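Chemist: These protein sequence lines map, in sequence, to chains W and A.
Note that this note's numbering has the first sequence beginning at 73, numbered continuously upward.
Note that this note's numbering has the second sequence beginning at 73, numbered continuously upward.
Hint data in this document are derived by calculation from the structure and do not stem from the laboratory.
Be aware that a few hints might be false.
Copies of one chain are not kept apart here, so a pair can be met inside one copy or by any two copies together.
Said to hold, decoys possible - Calculated cross-link-like contacts (lysine-lysine; reagent style DSSO-like; alpha-carbon spacing at most 30 Å):
no., residue 1, residue 2
1, 206, 159
2, 420, 94
3, 282, 420
4, 420, 368
5, 353, 121
6, 94, 159
7, 353, 369
8, 420, 369
9, 377, 234
10, 420, 198
11, 368, 206
12, 293, 368
13, 420, 206
14, 420, 159
15, 79, 369
16, 79, 227
17, 198, 227
In this text, all values refer to a predicted model and were calculated from it rather than measured experimentally.
Number of protein chains: 2
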Amino acid sequence: MSQWLTKPINTLLDADIQQAQKHQNLLTKPQGSLGVLESIAVTIAALQKTQYPRVDQAQVFIYAADHGIAQENVSAFPQAVTAEMVKNFSAGGAAICVLSHQHGLPLQVINLGLVSELPDLMAVEKHIIAPGTKNFLQHQAMNDEQLIKAFDVAKNKVEQAKSDGCELLIAGEMGIANTTSAAALVCALEGNAPEVIAGVGTGLDDNGMKHKVAIIEASLKNHANHLATPLEILQSFGGFEIAALTATYIRCAQQGIVALVDGFICSVAALFAVRINPQCKAWLIFSHQSAEQGHKKVLEIMGVKPLLEFNMRLGEASGAALAYPLIRSACLLHTDMASFASADVSEKLA
Amino acid sequence: MSQWLTKPINTLLDADIQQAQKHQNLLTKPQGSLGVLESIAVTIAALQKTQYPRVDQAQVFIYAADHGIAQENVSAFPQAVTAEMVKNFSAGGAAICVLSHQHGLPLQVINLGLVSELPDLMAVEKHIIAPGTKNFLQHQAMNDEQLIKAFDVAKNKVEQAKSDGCELLIAGEMGIANTTSAAALVCALEGNAPEVIAGVGTGLDDNGMKHKVAIIEASLKNHANHLATPLEILQSFGGFEIAALTATYIRCAQQGIVALVDGFICSVAALFAVRINPQCKAWLIFSHQSAEQGHKKVLEIMGVKPLLEFNMRLGEASGAALAYPLIRSACLLHTDMASFASADVSEKLA
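Please construct the entire structure, taking both the sequences and the accompanying hints into account.
Modeler: As structure tokens, then:
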């Protein structure tokens, strides 16, 4: 199913990196003095095969979905909040709205299925798969068709973004209980213990944490006989939004769009994307390390260091949108700075 | 001299912090989930005594000056680069120009005295104190009048910014050999060993580093009998731009302007500002930790954690300008997000 997920991806070539680095070294600054910004610019220039890397055309997607596992009281907030926050995204009152507006980023919410039905709302597209996943303590979260539909919605959304000229995509998520889903996914994929990966989410207390860990442990046992592949694991524990994020990262890489990854949930989706199609990793930039304890572990598994460590734990693409201007700075510096020759500035002493 | 430096500063009041925190807690997100952004917003709201913290009116100053100590070959770049870079700032080709333009920040260069005379240049103001400081290996870098003039230029510039409505000021520096000056300043003020504070600057090799450390050690000995106060130390080893930065941070705090501190040189100036008038610290936000080895130490001395760690070492306010949109995000989120009540979003379960 979904054969497209493993189709080839253009990856970084040494020759392209060297050419971009050569250009960086002509700019009026001591070599290497822009630090991380230089690596970002060189990477994007090499991926885009240009001397003028660009991320000006950028968009934000928020995939929203409900989770059956919320029935087990694993979240500090009631499940109604998923739908309420979708309304808040539409009305412009959420954090991601403020950040998108600040940076001039178009924001689209993609409703993949909530327990509450919502009226038509500005900036919200309905691609309803089901009114939330099933409770994965007893059932597989999704059936085959639902997983494929989540992938396909994402594939179509990314292709639409590409045809709009999108150079960088920020994808985020909203779904009460999705840190439980994400933690179960990591444990099943990587063999970590739930108490190492599960975190407080939106704000559990100690008892809440113990309960969350116990639910994940029981769920892992109940599904033990069908966790052989990343897709089986996604089907067992995933949310529609996490499956869509996984497909988004892969399709972005296939289409030549840089993806800026948000926090814990998004990084788990990125890990699945990398396990399914490893070459997509070159196209991912990790924006921040969140306060959710499992996030650090997931970033370590992938061997990546995110740009920011701001102790955020909000989701909804907020960390990625916050970091966006830093990526833009890297590209603008690479493109717009004068060279030693053009500015008539003396170079380093021999 | 310069009695104004120790005049009182409005500092943070607990009542103002609590009021700002109360507002943060009404916003549609789990409490604390914006992490560092919440503390920034709360701090600025409390300093500005408003529910609507703002940093939209922001400016960039670059103080440029030459250093007599450059005669001792302590820099990887020739001294001519100070003037050449001032021309590059004026022409728009330097990193700070690109970043200022990205964020719509007016950029002003203040020429405090270079070895080369420069023609009149766009966006460059001349406030020449002398054609550079004296070589502090043998002489005090500045006389009394020169130090006072550096302070007064900064005082006037900040007052002008205030009358322009400036809410946040980014100050930076350009001056070949100024990491040597800054390192000597820290060692004299805090008693650290030069090899712990001195770094590679624009790119010294191992021999260059040994030589730089030896020059600082010898200079510290030569001035040992007049290093009793921060002002004496500034006069002995300072650059005009470092003295101006010190005065800038103090005057910003006195005038109610938030100052975003750049890298090593600026943090050393901030340390002097805090030693001269400790209450100014509340008004300083530290933007990044640079690759210059002494910077980490200086930040530790002040007990502050900067926003970014990007391994930059360029100066010219580049790290502060890079971080500016993050501060702006913090303020906009505090001001523009919906509350649970206004957006009709359910709060956390009891």
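Chemist: Would you mind marking each hint as holding or not holding in the structure?
Modeler: Each hint, compared with the structure:
1. 206 <-> 159: within (23 Å within a copy, 65 Å between copies)
2. 420 <-> 94: Within one copy only: 16 Å inside, 53 Å across.
3. 282 <-> 420: Cα proximity of residue 282 and residue 420: across copies only (18 Å, versus 59 Å in one copy).
4. 420 <-> 368: Answer is between: at 25 Å across copies they meet the 30 Å cutoff, but 39 Å inside does not.
5. 353 <-> 121: Intra 17 Å, inter 46 Å, cutoff 30 Å: intra-copy only.
6. 94 <-> 159: Answer is between: at 24 Å across copies they meet the 30 Å cutoff, but 48 Å inside does not.
7. 353 <-> 369: within (17 Å within a copy, 35 Å between copies)
8. 420 <-> 369: Close across copies (27 Å), not inside one copy (41 Å); limit 30 Å.
9. 377 <-> 234: within (27 Å within a copy, 39 Å between copies)
10. 420 <-> 198: For residue 420 and residue 198, only the inter-copy Cα distance (27 Å) is at most 30 Å; the intra-copy one is 58 Å.
11. 368 <-> 206: The answer is within: 28 Å in one copy meets 30 Å, while 50 Å across copies does not.
12. 293 <-> 368: Only inside one copy: residue 293 and residue 368 sit 25 Å apart there, 47 Å across copies, limit 30 Å.
13. 420 <-> 206: Between copies only: 23 Å across chains, 63 Å inside a chain, cut-off 30 Å.
14. 420 <-> 159: between (57 Å within a copy, 18 Å between copies)
15. 79 <-> 369: within (28 Å within a copy, 49 Å between copies)
16. 79 <-> 227: within (13 Å within a copy, 62 Å between copies)
17. 198 <-> 227: within (15 Å within a copy, 58 Å between copies)
Of the numbered hints listed earlier, not one is contradicted by the structure.
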